[in-house]
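Colleague: Residues per chain, in single letters:
There are 2 protein chains.
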Amino acid sequence: MDEQHVGADPCVRPTNNEQRIITLAHGNGGKLTQRLIKEHFASQFANEYLNKMTDSAIVEVNGVKLAFTTDSYVIKPHFFPGGNIGKLAVCGTVNDLSVMGAVPKYISCALIIEEGFSITELDVIIKTMKEEADRAGVKIVTGDTKVVDKGSADKIFINTSGIGEVKYNIIENKISVGDKIIVNGTLGDHGIAIFSARENLNIKSEIKSDSASLNSLIFSVLEKYPNIKFMRDITRGGLATVLNEVCANEEFGIEVYENKIPVREDVKAVCELLGFDPIYIANEGKVLMIAPADTADNVLKIMRGHKDGVNAQIIGEINTTHSGKAYMKTSIGGRRIIDMLVSDQLPRIC
Amino acid sequence: MDEQHVGADPCVRPTNNEQRIITLAHGNGGKLTQRLIKEHFASQFANEYLNKMTDSAIVEVNGVKLAFTTDSYVIKPHFFPGGNIGKLAVCGTVNDLSVMGAVPKYISCALIIEEGFSITELDVIIKTMKEEADRAGVKIVTGDTKVVDKGSADKIFINTSGIGEVKYNIIENKISVGDKIIVNGTLGDHGIAIFSARENLNIKSEIKSDSASLNSLIFSVLEKYPNIKFMRDITRGGLATVLNEVCANEEFGIEVYENKIPVREDVKAVCELLGFDPIYIANEGKVLMIAPADTADNVLKIMRGHKDGVNAQIIGEINTTHSGKAYMKTSIGGRRIIDMLVSDQLPRIC
Numbered sequence: 002m003d004e005q006h007v008g009a010d011p012c013v014r015p016t017n018n019e020q021r022i023i024t025l026a027h028g029n030g031g032k033l034t035q036r037l038i039k040e041h042f043a044s045q046f047a048n049e050y051l052n053k054m055t056d057s058a059i060v061e062v063n064g065v066k067l068a069f070t071t072d073s074y075v076i077k078p079h080f081f082p083g084g085n086i087g088k089l090a091v092c093g094t095v096n097d098l099s100v101m102g103a104v105p106k107y108i109s110c111a112l113i114i115e116e117g118f119s120i121t122e123l124d125v126i127i128k129t130m131k132e133e134a135d136r137a138g139v140k141i142v143t144g145d146t147k148v149v150d151k152g153s154a155d156k157i158f159i160n161t162s163g164i165g166e167v168k169y170n171i172i173e174n175k176i177s178v179g180d181k182i183i184v185n186g187t188l189g190d191h192g193i194a195i196f197s198a199r200e201n202l203n204i205k206s207e208i209k210s211d212s213a214s215l216n217s218l219i220f221s222v223l224e225k226y227p228n229i230k231f232m233r234d235i236t237r238g239g240l241a242t243v244l245n246e247v248c249a250n251e252e253f254g255i256e257v258y259e260n261k262i263p264v265r266e267d268v269k270a271v272c273e274l275l276g277f278d279p280i281y282i283a284n285e286g287k288v289l290m291i292a293p294a295d296t297a298d299n300v301l302k303i304m305r306g307h308k309d310g311v312n313a314q315i316i317g318e319i320n321t322t323h324s325g326k327a328y329m330k331t332s333i334g335g336r337r338i339i340d341m342l343v344s345d346q347l348p349r350i351c
Numbered sequence: 002m003d004e005q006h007v008g009a010d011p012c013v014r015p016t017n018n019e020q021r022i023i024t025l026a027h028g029n030g031g032k033l034t035q036r037l038i039k040e041h042f043a044s045q046f047a048n049e050y051l052n053k054m055t056d057s058a059i060v061e062v063n064g065v066k067l068a069f070t071t072d073s074y075v076i077k078p079h080f081f082p083g084g085n086i087g088k089l090a091v092c093g094t095v096n097d098l099s100v101m102g103a104v105p106k107y108i109s110c111a112l113i114i115e116e117g118f119s120i121t122e123l124d125v126i127i128k129t130m131k132e133e134a135d136r137a138g139v140k141i142v143t144g145d146t147k148v149v150d151k152g153s154a155d156k157i158f159i160n161t162s163g164i165g166e167v168k169y170n171i172i173e174n175k176i177s178v179g180d181k182i183i184v185n186g187t188l189g190d191h192g193i194a195i196f197s198a199r200e201n202l203n204i205k206s207e208i209k210s211d212s213a214s215l216n217s218l219i220f221s222v223l224e225k226y227p228n229i230k231f232m233r234d235i236t237r238g239g240l241a242t243v244l245n246e247v248c249a250n251e252e253f254g255i256e257v258y259e260n261k262i263p264v265r266e267d268v269k270a271v272c273e274l275l276g277f278d279p280i281y282i283a284n285e286g287k288v289l290m291i292a293p294a295d296t297a298d299n300v301l302k303i304m305r306g307h308k309d310g311v312n313a314q315i316i317g318e319i320n321t322t323h324s325g326k327a328y329m330k331t332s333i334g335g336r337r338i339i340d341m342l343v344s345d346q347l348p349r350i351c
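So the protein sequences, as listed, match chains A and B. Offset between the first sequence (1-based) and this note's numbering: plus 1. Offset between the second sequence (1-based) and this note's numbering: plus 1.
No lab work stands behind these hints: they were computed from the structure. Predicted, not measured: the structure shown is a model, and the values here were computed from it. Some clues are possibly wrong.
Each pair may be met inside one copy or between any two copies, as identical chains are not told apart.
Distance condition first, Cα-Cα at most 25 Å in a straight line; then the derived DSS-like pairs of lysine-lysine [to be verified]: (1) K140 x K39; (2) K140 x K66; (3) K308 x K175; (4) K32 x K151; (5) K230 x K269; (6) K168 x K261; (7) K151 x K140; (8) K77 x K151.
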């Protein structure tokens, strides 16, 4: 295999004798995504910024610390209960900057549009992006538009990249035993809303995507408690993935309590019906924070007082029982390991 | 039509009674692209940064001036004589920053990959990106990977966004009558190379994409002549498009001399055969500079001394004969207007 790479001519499409191909599971945010990124991208691009594998890279230009992030949105369908692909794109980039303690400032908007796409739909998407950008206090300052022939894209893909000004150096804070794990609300709403819309499930429910810009919530916490140890928005791969990312290769482990994890009753019902596990389902307006034990209750109070954190919960804590692993204490008192997502429950969710 | 927009529910796909749809010509960089951007994006997003409609937005964070740009690459085929989609993506973003007088610093890499894509091909593309980034002195610091189901993308799309540190305030320089127009080499190589590869034309030629990072060339000029009035890389829509962008709504016009425009003999031959006009063909390693008359010869000398400017030429000048318009003085002494590109000669070229 490696022989094909040595001195590969960059102009000639290499032959693929081994049929090593990309599968949908490479894009689900779970085990295969992480392996692909680690073995094929991070190892190749390797530098001090990328190596940290954070939601945004923290870079410096002329002494000013910036957060820089990128995300493409390929969600299907592109309109859904709770928003559309444009809202998702702005919120996602705002959140990736905010969880690094960076105030979101400028966003780019690059569109890949399939020939034949409706300009009326495009207008609504663009209007939504503008409204969400205003809400989050960011400016969309640069863009790009590509049109591809029919059948070469699925209607519309949006890439948003963003620049933020680092205000809190969260990555320098260290997680320690006893720290509490907090989420700002119910899990799984986004994934189930998308799935229902996509499959035209006739579920009589109010389940909507939770898609939201969380910078207001996040900075209302950080202003009072800049010693938050860690933050990540809980998207592809769900809570399970973030928990595993937090403790992978660490001396500590995580325990979460099943009965503390907030999940809407109707989301629970759909998950049971379809055999999904809510902790693997994507969210778009949820953040996981790790706070020192002595401030966790106050952080929770701030969250619950904010419109985006009404259903916040302390769901678990950092311990040393199983280092490098995340466990769940089940409602009936059992204990099960929380593994990374392997096969795909729901592709094209963001 | 506007009634559909007023209070449009962002969660519900609007009906499209009028069948206003996106066509390939909306993506060719010409008239329709500009109208789409102006009427549907710029008018909606409107802010002091975006309004300038430059290759990169010039923004400020904590007193530091940054250039910020984004581009998606959807080229077909993704391997071609002279490079691959990965090289294009890095060069394109490096160039969009450099033409603003900004030193390219950090780049993002967001991939949309079609299920079934070869990992061997992916590896070559990623390796090429790394090599080109090293050559240009930029770091790829953040990324994203999405996988879409078969038939929902054309193999691989790459978005690169970039941050540069503004070193020369080119946009503050004003174009004036008598300024000279310079290009750094032969036009049309990229477009014709891609077209030949795509159509499997059995043209016995050495035509290769000119794809190159031009920051080294550009800064070797700017170090000596920071009073360059304008720079733009000549990509989609070709020379004709850039000339029109330069003089649109201005008091001045442009005249270029047909016999000074550098075009390779084999590119000329293919264009004649197929009915293409080289001044509308895309390039990926060409920059147009506008220099004060008294420095133009020296700028040309610097360019010709650089590997990326060996075939540089002064091709025309700013005048007042036809304000707001670009004209070409033909080889036989005639004069023809250079219009914006309307219908597409070659889609999916970048």
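Colleague: Would you mind marking each hint as holding or not holding in the structure?
Modeller: Checked hints:
For the identical chains of this complex, K140 and K39 are inter-copy neighbours only, at 17 Å across copies versus 32 Å inside a copy, given an alpha-carbon limit of 25 Å. Taking identical chains as interchangeable, the C-alpha atoms of K140 and K66 lie at most 25 Å apart whether they share a chain (19 Å) or sit on different chains (16 Å). With identical chains, the CA atoms of K308 and K175 are never at most 25 Å apart, being 29 Å at best within one copy and 49 Å at best between copies. Taking the closest pair of Cα atoms, K32 and K151 come within 25 Å of each other only across two copies (21 Å); inside a single copy the shortest separation is 33 Å, beyond that limit.
Taking the shortest alpha-carbon separations for K230 and K269, neither the intra-copy value of 30 Å nor the inter-copy value of 62 Å comes in at or below 25 Å. For the homomeric pair K168 and K261, neither the shortest alpha-carbon distance inside one copy (31 Å) nor that between copies (53 Å) is at most 25 Å. Within a single copy, K151 and K140 get their C-alpha atoms no closer than 32 Å, and across copies no closer than 35 Å, so neither meets the 25 Å cut-off. Both within a single protomer and between protomers do K77 and K151 lie at most 25 Å apart by alpha-carbon distance, with minima of 17 Å and 14 Å respectively.
Hints 3, 5, 6, 7 from the earlier list are contradicted by this structure; the remaining hints agree with it.
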